[in-house]
Amino acid sequence: MASNKTPQDPHGFDPEIRQIEQQIVEFFAEKSPEFTGRHPIIATVMTYFDTRRSLTQQDLRKLTGFSAGTISKSVRQLMDMNVVTKETIPGTHKHVYRMEKLPFTSARYFGGTGKLLEEMEKELKEMKETLDTHAEEMKDLEGYRKIYTTITQLLELISTAPLFMALIDEEIGKFTKENK
Amino acid sequence: MENSKPRLIEKKLRTIEKRLVDLLTKAGYLKGRSRKFSEITAHIYIHQEVTQKLLRKLTGYSLGTISTALQTLEKQGVVHKHSDPDTHEYHYELDGTVSQTVFRSLRDIQQFLYQMKEFFRGIEAKLSHPHLSNKKGYENIRQFLDELDIVIPAHERVFQRFQSIVSDAKPKQEVQ
Numbered sequence: 003m004a005s006n007k008t009p010q011d012p013h014g015f016d017p018e019i020r021q022i023e024q025q026i027v028e029f030f031a032e033k034s035p036e037f038t039g040r041h042p043i044i045a046t047v048m049t050y051f052d053t054r055r056s057l058t059q060q061d062l063r064k065l066t067g068f069s070a071g072t073i074s075k076s077v078r079q080l081m082d083m084n085v086v087t088k089e090t091i092p093g094t095h096k097h098v099y100r101m102e103k104l105p106f107t108s109a110r111y112f113g114g115t116g117k118l119l120e121e122m123e124k125e126l127k128e129m130k131e132t133l134d135t136h137a138e139e140m141k142d143l144e145g146y147r148k149i150y151t152t153i154t155q156l157l158e159l160i161s162t163a164p165l166f167m168a169l170i171d172e173e174i175g176k177f178t179k180e181n182k
Numbered sequence: 005m006e007n008s009k010p011r012l013i014e015k016k017l018r019t020i021e022k023r024l025v026d027l028l029t030k031a032g033y034l035k036g037r038s039r040k041f042s043e044i045t046a047h048i049y050i051h052q053e054v055t056q057k058l059l060r061k062l063t064g065y066s067l068g069t070i071s072t073a074l075q076t077l078e079k080q081g082v083v084h085k086h087s088d089p090d091t092h093e094y095h096y097e098l099d100g101t102v103s104q105t106v107f108r109s110l111r112d113i114q115q116f117l118y119q120m121k122e123f124f125r126g127i128e129a130k131l132s133h134p135h136l137s138n139k140k141g142y143e144n145i146r147q148f149l150d151e152l153d154i155v156i157p158a159h160e161r162v163f164q165r166f167q168s169i170v171s172d173a174k175p176k177q178e179v180q
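Those sequence lines, one after another, are chains A and B. Each residue of the first sequence is one higher than the one before, starting from 3 at the first, in this note's numbering. Each residue of the second sequence is one higher than the one before, starting from 5 at the first, in this note's numbering.
Keep in mind that a hint or two might mislead.
Listed below are the simulated DSS-like cross-link pairs for lysine-lysine, each with C-alpha atoms no more than 27 angstroms apart in a straight line [as the list claims (entries may be wrong)]:
#1 A:K64 / A:K96
#2 A:K103 / B:K139
#3 A:K127 / B:K79
#4 A:K75 / B:K22
#5 A:K176 / B:K35
#6 B:K61 / B:K79
#7 A:K103 / B:K61
#8 A:K103 / A:K130
#9 A:K103 / B:K121
#10 A:K33 / B:K40
#11 B:K139 / A:K148
#12 B:K16 / A:K130
These are computed hints drawn from the structure, not numbers from a lab.
Let's have the full structure, built from the sequences with the hints guiding it.
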């Protein structure tokens with residue numbers, strides 16, 4: 003997905019290093035959609051943050067060859083995902099986007115995931131309650147059974163999330179201790 | 005007036021369906037998927053079996069967008085397609101339940117972690133050429149590789165332990 007044209011490197015990376023970096027970017031752009039469903043553009047932009055940590059939208063345009071609109075949408079999504087933060091460059095109206103830590107080691111990222119799951123659980127429970135309350139009147143309506151089944155299965159899945167998060171805390175905790 | 009209550013109930017159910025689609029779409033978006041792809045997936049989770057025509061009616065997206073999303077989902081093993089003998093139209097069916105689909109995706113991530121390890125072994129070999137160590141940008145790639153060296157095994161352990169705990173718990177739940 004990334005453009006092969008490398009007009010100039012925003013951080014002055016050596017061409018041989020840049021080539022290695024491009025191979026890494028292409029690997030994630032190809033494999034992330036296949037295994038995780040992540041969009042190839044998001045995977046591309048995210049990988050540049052993995053290696054560079056701090057980038058402006060202009061830097062990203064130079065590195066990827068994507069349009070200004072595509073880059074703007076991508077950094078917006080990465081901020082919503084708690085992967086990067088935005089700062090204003092002092093004395094300018096320009097913004098720099100930073101990835102403090104790799105998402106899979108970042109409390110901010112997992113905190114966002116935990117919050118999302120809590121919100122989902124709350125909303126799904128509310129939906130289930132409404133369906134239960136009106137079961138008699140709704141049961142023969144088209145889609146009632148399917149909607150009910152989907153909600154029940156999602157609630158079951160979410161109930162396993164605390165265990166998953168605890169395991170991540172434990173294993174990533176070892177990682178942060180090992181690196182202190 | 006007599007018809008207004010059933011209409012209200014029907015409206016309530018459709019509102020819940022829309023909230024469910026919106027919720028699943030948001031969850032997909034926050035995992036780095038496109039909104040369109042996430043919305044199409046949400047409808048498949050609910051309907052379990054769809055046609056391109058039905059997805060077009062439900063989402064309003066172009067047939068090209070729908071077809072691309074379905075191809076990706078087929079490749080991921082989330083849906084499988086079969087042709088209707090009467091209409092010759094393709095039907096896309098969710099492969100198992102929503103829970104089974106999610107647990108299968110955890111296995112896919114383990115496979116992804118394995119492929120990452122293999123790929124980065126090659127990258128490590130390329131980066132180990134001594135003449136590269138003082139080149140600009142070397143430290144960035146080195147730091148990323150060092151972090152992955154720890155993060156990948158940590159995640160492998162998480163997925164193995166999670167699957168083992170969940171599969172141990174399942175037979176007990178079924179007995180109850």
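Pairwise hint evaluation, K61 of chain B against K103 of chain A, where the allowed Cα distance is 27 angstroms at most: violated (42 angstroms)
Pairwise hint evaluation, K96 of chain A against K64 of chain A, where the allowed Cα distance is 27 angstroms at most: holds (16 angstroms)
Holds or violated: K176 of chain A to K35 of chain B, with C-alpha atoms at most 27 angstroms apart: holds (25 angstroms)
Pair hint K103 of chain A and K139 of chain B, alpha-carbon separation not exceeding 27 angstroms: Roughly 23 angstroms between the alpha carbons, so the hint for K103 of chain A and K139 of chain B holds.
Distance restraint between K33 of chain A and K40 of chain B, which requires alpha-carbon spacing of 27 angstroms or less: holds (20 angstroms)
Distance restraint between K16 of chain B and K130 of chain A, which requires alpha-carbon spacing of 27 angstroms or less: Roughly 12 angstroms between the alpha carbons, so the hint for K16 of chain B and K130 of chain A holds.
K139 of chain B paired with K148 of chain A [C-alpha distance capped at 27 angstroms]: Violated. K139 of chain B to K148 of chain A sits at ~58 angstroms, over the 27 angstroms cutoff.
Satisfaction of hint between K121 of chain B and K103 of chain A, Cα-Cα up to 27 angstroms: Given that 27 angstroms is the threshold and the Cα spacing comes to 20 angstroms, the pair holds.
Given hint K130 of chain A paired with K103 of chain A - CA-CA distance at most 27 angstroms: violated (38 angstroms)
Hinted pair K61 of chain B and K79 of chain B, Cα distance within 27 angstroms: holds (24 angstroms)
Agreement of K127 of chain A and K79 of chain B with the hint, judged by alpha carbon distance not exceeding 27 angstroms: violated (32 angstroms)
Satisfaction of hint between K22 of chain B and K75 of chain A, Cα-Cα up to 27 angstroms: holds (24 angstroms)
Hints 3, 7, 8 and 11, counting from the list given before, are not met by this structure.
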